[in-house]
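Engineer: Below are the chains, spelled out letter by letter.
There are 2 protein chains.
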Amino acid sequence: MDSLSPAARLAQQIEFIFEVDKLKEIFRQTINTQSRRPENDAEHSWHLCLCVIVLAEHANHPSLDVLHVLKMLIVHDLVEIDAGDTFAYDTAAMAGQHDREARAADRIFGLLPPDQALEFRALWDEFEEKQTPESKFATAVDRFQPMLLNCRTEGAAWNHHGITQDRVVARNRHIAEGCEELWRYAENMVQSAVDVGHLKPAP
Amino acid sequence: MDSLSPAARLAQQIEFIFEVDKLKEIFRQTINTQSRRPENDAEHSWHLCLCVIVLAEHANHPSLDVLHVLKMLIVHDLVEIDAGDTFAYDTAAMAGQHDREARAADRIFGLLPPDQALEFRALWDEFEEKQTPESKFATAVDRFQPMLLNCRTEGAAWNHHGITQDRVVARNRHIAEGCEELWRYAENMVQSAVDVGHLKPAP
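Heads up: the sequence lines are chains A and B, in that order. 1 is the number of the first residue of the first sequence in this note's numbering; add one for each residue after it. 204 is the number of the first residue of the second sequence in this note's numbering; add one for each residue after it.
Just chain A, with the same shape it has in the complex:
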């Protein structure tokens, strides 16, 4: 805790809550299944939290800290307010991604009182490093949810960008590090998408 009064801390925290309202305007390549409009980062983050509380029983790690996973996912995309969304298959844009996002983390988490700025930055660093059971499971749902939406929109985002099965598998096989059961499901789902012609096989 810093030396601010509770009222002064609260006022600073509410400015942060207002600032991150911008996450609702950061649009992804994934298409929502109903309206077929691009998904934004805020609704994506909610959908991942929902996935966690539904699917946590399948995690590889037997005693996952679910609260910690949720905290990571609630803040994991905030850096995109400044750095923008980087499409998972855009290798050119991915080159400078971490530097752009680290600068964004400095600014955005820096709006909070110092102790909370450190806590939230540590959550984002942990998510990026993908070494703990919690960050591996968070990554598993962050990779799986766009695949699910792609499969339920006839492969819309994959086909728009000419992505093939081999690239989908290479990008997403890390799901198994957090949740082997989910990766088995995902592999079958991707094969079905190929079988019905919604995803092109490897060239």
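It should be emphasised that the hints constitute simulated quantities derived from the structure, not laboratory data. Warning: the hint list may mix true and false statements.
Pairs of lysine-lysine residues, derived as DSS-like cross-links and limited to a Cα-Cα distance of at most 30 Å, are as follows [as the list claims (entries may be wrong)]: (1) A:Lys22 x B:Lys403; (2) B:Lys225 x A:Lys22; (3) B:Lys225 x A:Lys200.
With chain A held as given, fit chain B onto it using these hints.
Structural biologist: Using the frame of chain A, we list chain B on its own:
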């Protein structure tokens, strides 16, 4: 747990995760601060989760179960997939609201394996009943966040519906039951909105 295999449970859970993608298309009366478009329930739910992890230290209850608050907020609006959003100041529509939402809860949570259907229904019932420290704090942020967005959009939703200060205070004073510090902030914020002409005083 039921007698389904892990793979069969997972398949059923993923159909639930797909079904609730519809939450992204349920629009509220509140206007987002950047694009000035109506907020949807999914991004609203994310914003509430963010509020919880930032503001939990201010809760009246000294040892709040933050994971439980988050779980409640992640699922609290799912019933609106069937029942629609009911505007907080529409007293006519609010009359049948609970019955409509309870039928929606039966259908939507019923898509999950039985043990999870019971768990999620209990979360929603607890949120509706507002008797526990966790549901009181969840309600506090659910009431506060739309007030904040209203104040930062020059009172857009309030003015669109002719809402006056007395109704805003009457509707939202329950914030104090979960978080007195937040209600003090909110009262001042509302008075400032009146002072600058973004919210009409009581007639």
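Engineer: Each hint: holds or not?
Structural biologist: Structure-based check of each hint:
1. A:Lys22 x B:Lys403: holds, 27 Å
2. B:Lys225 x A:Lys22: Roughly 22 Å separates the two Cα atoms, so the pair holds.
3. B:Lys225 x A:Lys200: holds, 27 Å
No hint from the list above goes unmet by this structure.
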